[in-house]
Amino acid sequence: MNRKVIRKLFWVWQFEKEEAWLNDMAKQGWVLDQVGFCKFVFKQCEPSEYSVRLELLEEFPNSEKSMDYISFVEDTGAEYIGNMTRWVYFRKKTADGEFDLFSDIDSRIRHLDRIMKFVGFMAGINLLCGINRYNYIYWLNLVCTALLGYACWKTYKKRERLEKERSIHE
Amino acid sequence: MAIYRQTNENEKGRRMNMENIALTEAVYCILLALKKPRHGYGIMQLASELSGGRVKLAAGTLYGALGTLCEKGWIRELPVQTGSRRKEYVITEEGLVVVQAELDRLRQLVRIGEGILDGKSEGKE
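Protein sequences, first through last, are from chains F and G. Going by my numbering, the first residue of the first sequence is number 6, and it counts up by one from there. Going by my numbering, the first residue of the second sequence is number 12, and it counts up by one from there.
Hints are computed from structural coordinates only; laboratory data are not their basis. It cannot be assumed that every hint is accurate.
Think about it this way: if two alpha-carbon atoms lie no more than 30 Å apart in a straight line, the pair counts; the simulated DSSO-like pairs of lysine-lysine are [to be verified]:
no. : chain 1 : residue 1 : chain 2 : residue 2
1   : G       : LYS83     : F       : LYS70
2   : G       : LYS67     : F       : LYS32
3   : F       : LYS159    : F       : LYS70
4   : F       : LYS159    : G       : LYS83
5   : G       : LYS67     : F       : LYS98
6   : G       : LYS67     : F       : LYS162
7   : F       : LYS98     : F       : LYS70
8   : F       : LYS48     : F       : LYS13
Note that the coordinates shown come from a computational prediction; the quantities given were computed from them, not determined experimentally.
Okay, chain F solo, but in the shape it has when bound (with noise of 0.2 Å):
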């Protein structure tokens, strides 16, 4: 079985290029098999044969609340293919039908929510460590915190766009 190693760097609030990105790679012929850091590996496939969704969680992959979740996905016909931190991957033949993970605004917004708590935490972290006189790497805390911060703006960005559609339908 052919596979193939890819590096490649998507930042948080890119997830929807990410996403992008790995159906792309499954039209070719390459499905998500395996992820890490910055590290993707696929494994050959039909070309179209998949379609694959990734997700924040709200907890950690290995909660009950997670497990339970994982396992209610992959009742509807999707794998789940491995995680990266709080990020799930799942995968699901095209042939057994469309795959998506949400259906209606209100699941975008709270996912995006997540995600903005996930980022803002990090800015957090980051900002702490930025201010602290006994840190010698505290110029790098600050650029972290500048563009985590530039992500939570870009994700809010969206979140407002989304909240608009709302107000007129689902």
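Take the given structure of chain F and dock chain G to it, following the hints.
The following block gives chain G in isolation, referenced to the frame of chain F:
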């Protein structure tokens, strides 16, 4: 997971009169699907079948909705049978009251729409 189309609590957090609050389409379909015991995937398939593919309940959305509806007491989880690891759900008495009220509300909306758009009630505009 949105249950209602708009928030149903006034400033003091008291519940407003239930009859005026619209359910979301997804919740309406889930409640109907659970008139008989079903598991998650069964609900998804039925909703899609009955609506000719229009109503799609995705796994993540459905999972959240089932949790919330259980909390509200409109559906309940059935005890897991040995040999089957899939959880099944079924509507409760309260859920039946809610979905019936929703059907009545929708019928009224259809009558209003037909009246105005199909010109059936001419003097009223």
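Here's how the hints hold up against the structure:
1. Distance restraint check for G:LYS83 and F:LYS70: the Cα-Cα separation of roughly 19 Å lies within the 30 Å cut-off, and the hinted pair is therefore satisfied.
2. For the suggested pair G:LYS67 and F:LYS32, the alpha carbons sit about 23 Å apart, so the restraint of at most 30 Å is met.
3. Note on F:LYS159 and F:LYS70: the hinted pairing holds, with a Cα-Cα distance of about 29 Å set against a maximum of 30 Å.
4. As the CA atoms of F:LYS159 and G:LYS83 are separated by approximately 34 Å, the hinted pair breaks the 30 Å bound.
5. Under the criterion of a C-alpha separation no larger than 30 Å, the hint pairing G:LYS67 with F:LYS98 is consistent with the structure, at around 17 Å.
6. Between G:LYS67 and F:LYS162 the CA atoms are separated by roughly 26 Å; this keeps the pair inside 30 Å, and the hint holds.
7. Using a Cα cut-off of 30 Å, the hinted pair F:LYS98 and F:LYS70 holds, with the two alpha carbons roughly 25 Å apart.
8. Proposed proximity of F:LYS48 and F:LYS13 is supported: the alpha carbons are some 16 Å apart, at most 30 Å.
The structure fails to meet hint 4 from the earlier list, while all remaining hints are met.
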